[in-house]
Structure formats: structure tokens, C-alpha cells
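Participant: The residues making up each chain are set out below.
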Amino acid sequence: MNVLNGKITAIETSGSLSIIEIQIGAFFFKTILIETPNSASYLKEENQVKVIFKETEVVIGKGTKHMVSLQNKITGTIDGIEKGALLSKLCIKTSVGIIISIITANSVQKLDLKLGETVTAMIKTNEIMLSE
Amino acid sequence: MIQISVQKKLLAADGEIKLNVNISLKKGKLTTIYGPSGAGKTSLLRIISGLLKADKGRIVVNQKTWLDTDKKISLKPQERKLGFVFQDYALFPNMTVKENLLFALDKGQDKKIITNLIAITELESLKDRKPENLSGGQKQRVALARALVRKPDILMLDEPLSALDPAMRNKLQDYILKVHKEYNLTTVLISHEVGEIVKMSDTVLILEKGEVIKQGNPFDVFTNKQISGKFQFTGEIINIKKEDIIYVVTILIGSSFVKVVAEENELKDINIGDTVIVASKAFNPIFQKVK
Numbered sequence: 001m002n003v004l005n006g007k008i009t010a011i012e013t014s015g016s017l018s019i020i021e022i023q024i025g026a027f028f029f030k031t032i033l034i035e036t037p038n039s040a041s042y043l044k045e046e047n048q049v050k051v052i053f054k055e056t057e058v059v060i061g062k063g064t065k066h067m068v069s070l071q072n073k074i075t076g077t078i079d080g081i082e083k084g085a086l087l088s089k090l091c092i093k094t095s096v097g098i099i100i101s102i103i104t105a106n107s108v109q110k111l112d113l114k115l116g117e118t119v120t121a122m123i124k125t126n127e128i129m130l131s132e
Numbered sequence: 001m002i003q004i005s006v007q008k009k010l011l012a013a014d015g016e017i018k019l020n021v022n023i024s025l026k027k028g029k030l031t032t033i034y035g036p037s038g039a040g041k042t043s044l045l046r047i048i049s050g051l052l053k054a055d056k057g058r059i060v061v062n063q064k065t066w067l068d069t070d071k072k073i074s075l076k077p078q079e080r081k082l083g084f085v086f087q088d089y090a091l092f093p094n095m096t097v098k099e100n101l102l103f104a105l106d107k108g109q110d111k112k113i114i115t116n117l118i119a120i121t122e123l124e125s126l127k128d129r130k131p132e133n134l135s136g137g138q139k140q141r142v143a144l145a146r147a148l149v150r151k152p153d154i155l156m157l158d159e160p161l162s163a164l165d166p167a168m169r170n171k172l173q174d175y176i177l178k179v180h181k182e183y184n185l186t187t188v189l190i191s192h193e194v195g196e197i198v199k200m201s202d203t204v205l206i207l208e209k210g211e212v213i214k215q216g217n218p219f220d221v222f223t224n225k226q227i228s229g230k231f232q233f234t235g236e237i238i239n240i241k242k243e244d245i246i247y248v249v250t251i252l253i254g255s256s257f258v259k260v261v262a263e264e265n266e267l268k269d270i271n272i273g274d275t276v277i278v279a280s281k282a283f284n285p286i287f288q289k290v291k
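Protein chains in written order, with my numbering: chain A, 1 to 132; chain B, 1 to 291.
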């Protein structure tokens, strides 16, 4: 799993759902939780939290311009590629640290992804977990 | 309410330790004592039962004083209303299941409790067998029923399930929970299995070198950090297998096996047999009606 350390900068709550904004360096992640500041004490602005998401939930876009609904989009360069029979692991160097993505080997081939190439790593809002 | 305050010097493997415990047990609750070997867990149970003398202490069970070293009060083990189940079954080999239970009756006590206990622990078809003709799990069910014959104020279980295989263990846990609720027992369990503790206990105490170092709701005690995933279980790592460039990890949760995909870095300090928390967001799982 990808684990990044950040700081909560905004909390928007409706009923028992909250959208939390977390700052890591100059980048802001957003996540939706079934949790509110009342139900989880660590949900407080300025609190340090870990941002956690699976490698298999990281979508890769070639280049930097994409019209997609995903809110968490961070650009980086490919720092490593490990090819398997069906899957491939990409290490992406970004301003928030290394993000690992596991996508199909076929996609790597179709997009013609190479070392040093600029890509965008994208994670859906509902795929990010927080931990103290 | 049961108040226990005991002190005793104990000789452990790595030198002398001082058992120093102040706890209260709430009626109807199941409390588990967890901790490394030699922490004083069994000694604590033996002091409560009167089999081991405390250097200093006071035990008050539902307003009745079992022990008060200052006032030189110490009830004999047989005067303390408690039930004890150990890892080995300690049944009388020459008696049938029913006779083992009858033997535990107090003089003049109504025999109806035996019928009730046989029913609730589902021993009806086994009641005329001798212990040698029972499986480990069945013997432990008899030992549990026997410990309840005198309607104990405290039921003490010293690793009662550690000799059993996982499936049998799971069944016995359910029997213990059933009688614990049915008879509104105050139960103290010693266990090393985090999964078992989370499943069974209201409260867990971690005992280390004779002192309670942590206590509370088992989930809070065993998970240092809160994680926001709502689909969350405790399980045991059964198998780790590399498939292509990822790993498929098989985890036993309750009596079900689940598989989780992991990446190499995640498995650095994870070994087969480890207890882990499995978490996913509530947004991922789907369900379908089966009935």
C-alpha cells in the first residue's frame, strides 16, 4: 500500500459523511469517509494523518492533461517499471514521494510507458483511507 | 462487582517479579488477561481461587470478602464460588459425563441445573459416555459445564482452548459465549489469541511482569492507530503466495478464508501466523441476497 504523511487542512461534513482535504507538500489530497469529527477524534484540522491507498487503485495517465472526474491527480516521472506476465508495477516519483501503481502489463504496452516519462497518477476520492 | 487487589512476589524464568494488580470486574462481563509467559497471569487466577497465597491482598466478590490479608480473612478454595477450566480437561476418567457433572453438585443442590447445562452445551447424546470416548473439544465442553454446576460468581478459564484445532476452538468459543450470556456470568479468560480476544471479551488487560500495563476495549487496545476503513476485521495470516508481480495473502477471519492482494513492501514484517487487521473502505464491497 502507498502511505504518505500529511496534514488535515479542511473538513466538509454532511450527515455521517465527510470529505477531508489533506496537504502533503504543495499538493492536496481529498478523501471521502463514513466518519465525522464527532465519530473520529483524529479528524481535526492541522492534525497529522497517514494517507493510505492500494497500488492497484492508482490510475495512470500519460502526460499531464486529462479531463477526468478523479480529484486526486499528481504528476510525476516513471522511476521504475517491473513487468510481469499480466501485471506491471510502476514507481512514480512525485512531489509527495514515490507512488506505486499496479496496472495491467497490457496497459503499459498500449500507452508505451517508459522510464523517465511524465505521467499523472490518479486516485479516486473513495479509495483513500486515513490513519492516525 | 468484584474487586481484586493482590500483591505477591513470584519467581519467573528471568528473575523475581512482583505481581501487583488492582482490578475490578463487572458482573456479566468477560475480561481477558493477555500477556507473555511468566507475566503472572495464571498466578493471579490461582490467587483469586485460593490455591496460591497472596503476600498482601483483598478480594471482595459481590460484597462477600474472600480475602483480606490485613484482617486475616482467607476463604478456602472450596468456600469460594468459582468455576475453573484449564487447558487439560481434568475429568474423572471412571465416571460418565453426567456423573462428572453430578459429582460437582453441592450437597442438597437442585439437580435441575445438570439437565439445563447438558442441554445448553449440547451434551445430551454424550451424557452416558466416559471421557476416554470423547474428543478434545467434547471433553472441554464437559469441563465447561462442570465448572458451571455450582453457579459460580466467577468463571475462570485458563487457556481452555489452546490445545484444540481452529475449527473446534471456534465452536468452543461460541459455547463459552453462550453460557456466559445465558447465566450472566462474570468470566475471566486467559488467552494468547488476539482474534479470540477481540471476538469474546468486553475488556482486555495486558499483564507484563506482574503489572497491568494497558486495559480497555480489545479493539482499542490491540489497534494502536485508528484507521478509517469501515470494512475491518482481525484475522490470521495463513498463506503468502507470489503470483505474477504481486502477492496473494490468505487470511483466516473467524472461520472464513479471505484473500487480499499485497505488494512486496507491505509484507516486509508480516509472517504466516501473524494476527493482522484487514481493512477496506465501505465503498468497495458489494452484497447479494442469498435467501
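No lab work stands behind these hints: they were computed from the structure.
It cannot be assumed that every hint is accurate.
[To be verified] Below, in silico cross-link-like pairs of lysine-lysine (DSS-like), each with a Cα-Cα straight-line distance of 30 Å or less:
#1 K291/B x K114/A
#2 K230/B x K50/A
#3 K268/B x K83/A
#4 K93/A x K241/B
#5 K209/B x K259/B
#6 K291/B x K259/B
#7 K289/B x K124/A
#8 K110/A x K242/B
#9 K7/A x K124/A
#10 K76/B x K53/B
[To be verified] Computed Cβ-Cβ distance ranges for the label pairs, DEER-style:
#11 A167/B x S14/A: 30 to 36 Å
#12 Q63/B x T56/A: 56 to 62 Å
#13 K291/B x S14/A: 30 to 36 Å
#14 P166/B x I98/A: 26 to 32 Å
#15 E16/B x I19/A: 30 to 36 Å
#16 T56/A x N133/B: 49 to 55 Å
#17 T104/A x N133/B: 54 to 60 Å
#18 T75/A x V290/B: 55 to 61 Å
#19 P166/B x T104/A: 34 to 40 Å
As the structure is a prediction and not an experimental result, all values here were calculated from the model.
We treat Cβ as the ideally placed atom computed from N, Cα and C, and that holds for glycine.
Participant: The structure should be examined with respect to each hint, and the outcome stated for every one.
Facilitator: To see whether the hints hold, each was checked on the structure:
1. K291/B x K114/A: Roughly 51 Å between the alpha carbons, so the hint for K291/B and K114/A is violated.
2. K230/B x K50/A: Satisfied, since the Cα-Cα distance of roughly 16 Å is no more than 30 Å.
3. K268/B x K83/A: 21 Å, holds
4. K93/A x K241/B: With Cα atoms ~28 Å apart, K93/A and K241/B stay inside 30 Å; holds.
5. K209/B x K259/B: 38 Å, violated
6. K291/B x K259/B: 25 Å, holds
7. K289/B x K124/A: With Cα atoms ~28 Å apart, K289/B and K124/A stay inside 30 Å; holds.
8. K110/A x K242/B: 25 Å, holds
9. K7/A x K124/A: Roughly 19 Å separates the two Cα atoms, so the pair holds.
10. K76/B x K53/B: Distance of about 11 Å is within 30 Å: holds.
11. A167/B x S14/A: 30 to 36 Å: The hint (30 to 36 Å, Cβ to Cβ) is violated, given that A167/B and S14/A are roughly 45 Å apart.
12. Q63/B x T56/A: 56 to 62 Å: 59 Å, holds
13. K291/B x S14/A: 30 to 36 Å: Holds, since K291/B and S14/A (Cβ atoms, about 34 Å apart) stay within the stated range.
14. P166/B x I98/A: 26 to 32 Å: At 39 Å between Cβs, range violated.
15. E16/B x I19/A: 30 to 36 Å: 56 Å, violated
16. T56/A x N133/B: 49 to 55 Å: 52 Å, holds
17. T104/A x N133/B: 54 to 60 Å: 58 Å, holds
18. T75/A x V290/B: 55 to 61 Å: Roughly 45 Å apart at Cβ, these two residues miss the hinted range, so it is violated.
19. P166/B x T104/A: 34 to 40 Å: For P166/B and T104/A the Cβ distance comes to about 36 Å; the hint holds.
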